Amino acid sequence: MTQAYRQKPHLPLSNVRVTDLTMFWVGPFSTMFLANLGAQVIKIESAKRFDSVRIMGGARDKDPLEWATVFNGTNVNKLGITLDLDSDDGREILKRFIAVSDVVSENFSARVGKNLGITWDFVHKANPSAIMVSMPGFGHGGPWENYVGFGPQFEQASGITYMSGYPDTTPMMQGGMSDPLAGSFGAVATLMALEHRRVTGRGQYIDMSSAEAITHMTSATLMDYTMNGRVRERMANKHPAWSPHGAFRCKGDDKWVAIVCKADEEFAKLCDAMGQPRLKHDPRFADVITRWENQDALGEIITRWTKERTGAKIMEVLQGRGVMAADVVDYATILEDPALKARDFWWWILRPVNGPEPMPYYGFPPKLSKTPASPRKAPPTIGEDNDFVFSEVLNLSQDEIATLKGRNIIGTSVKFG
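Numbering (the numbering used here), first residue to last: 797 to 1213.
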């Protein structure tokens, strides 16, 4: 290994091993949870079937495989190896990994998983007590089983895209909501299956659909349709019941502040903060219903106040009075967020291929008082941990490992084009 790998026995999943076949965002996000909680997650790629997000979003003038933001953000604390799963020998070695693993996780499309032969039957025969997590976009079974897609496709299938954007304009794709949500569902399902196995000794199969996961976010709008017969239309930043609710221009170039009042008491506090207590008695804004009916006029009044002040100052003043408000920050300033700094949100990790200094990574939001997560290893380069994993996990000799490298079963030479 190029970096020391440290298992921490006090972490809740320190005795769990995961064979991680996932790629892109949803699957690695799911196994990232397990790795941060102490599991030994072995990420398997190959020189010709590497994780495609390795080449998405990186700097054009640098190593295309090692500067991609999504890959680095979701593969902290994982071991990385290469294994040619298109070969019979590679799949035989995969069986050996499964035999000594607790969890096998993949997010192949349904067609690819079947073509590779990596199915529940394959996993269960290799290890009857193993848990398999399968996360194709639309799940297994049903008319869309073999359909493929990324977050934007799943969000559109859920109805979220239809509701997003401005009235009388094209629906607006979000793109970044589906994968983290579905990945979180996948991680929780894995923990449930591990507990079930602890009690019963039996493994099980988890069929996880990203499209179904993101559909959960439309529950309120679906209920509004089934109960009230209303179809939610695009409303920009407005809310179907609350006003004010939106982003308002503030001092500075393209600077904004988000303000929400859900009740009369909060609106009264906003009026006092703006130095306009008489607005509380204006019949246009007297209650929740009239404020909603006159929200455009109310928005103009609020904007006249906010545009003379910075978002940070507005947030401080309104939050001090119990009004929900937040400065709309960009990624150039979020690293200086005082709240994130105070709570040690950032993990500063040294990844030598990216430079001599540690870089900030997103930390693990849940702060467990007895078993806190922490960074143990930077995201792996291609095949970085081959020698360690094949030796320590499968007990292969150096000669056996050299033979596999020579036959390119665990090759690391990536060719593009």
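Take the hints with a grain of salt, since some may be wrong.
As the list claims (entries may be wrong) - Below, a list of computed lysine-lysine pairs in the DSS-like style, where the Cα atoms sit at most 30 angstroms apart:
#: 1; residue 1: K1211; residue 2: K1166
#: 2; residue 1: K1065; residue 2: K1076
#: 3; residue 1: K1047; residue 2: K1065
#: 4; residue 1: K844; residue 2: K1137
#: 5; residue 1: K1051; residue 2: K910
#: 6; residue 1: K1058; residue 2: K1076
#: 7; residue 1: K1034; residue 2: K1109
#: 8; residue 1: K1201; residue 2: K1163
#: 9; residue 1: K1034; residue 2: K1058
If you're looking for bench data, these hints aren't it; they were derived computationally from the structure.
Bear in mind that the values here come from a model prediction, so they are computed numbers and not experimental data.
Hint check results:
Our distance criterion of 30 angstroms between C-alpha atoms is broken by K1211 and K1166, whose separation comes to about 45 angstroms. A threshold of 30 angstroms between alpha carbons decides the hint, and for K1065 with K1076 the separation of about 9 angstroms falls inside it, so the pair holds. Restraint check for K1047 and K1065: satisfied, since their Cα atoms lie roughly 21 angstroms apart, inside the 30 angstroms limit. With a C-alpha separation of about 40 angstroms, the suggested pair K844 and K1137 falls outside the 30 angstroms cut-off, and the hint is violated.
In summary, the hint linking K1051 to K910 is not supported, as the alpha carbons are separated by about 50 angstroms, beyond the 30 angstroms threshold. A hinted pair counts as satisfied when its Cα atoms are at most 30 angstroms apart, and K1058 with K1076 qualifies at roughly 14 angstroms. Annotation: proposed proximity of K1034 to K1109 holds, straight-line Cα distance about 23 angstroms (limit 30 angstroms). Between K1201 and K1163 the alpha-carbon distance is near 41 angstroms, which puts this suggested pair outside the 30 angstroms criterion.
Straight-line distance between C-alpha atoms of K1034 and K1058 comes to about 12 angstroms, which keeps the hinted pair within the 30 angstroms bound.
Violation of the numbered hints given earlier is confined to hints 1, 4, 5, 8; the remaining hints are satisfied by the structure.
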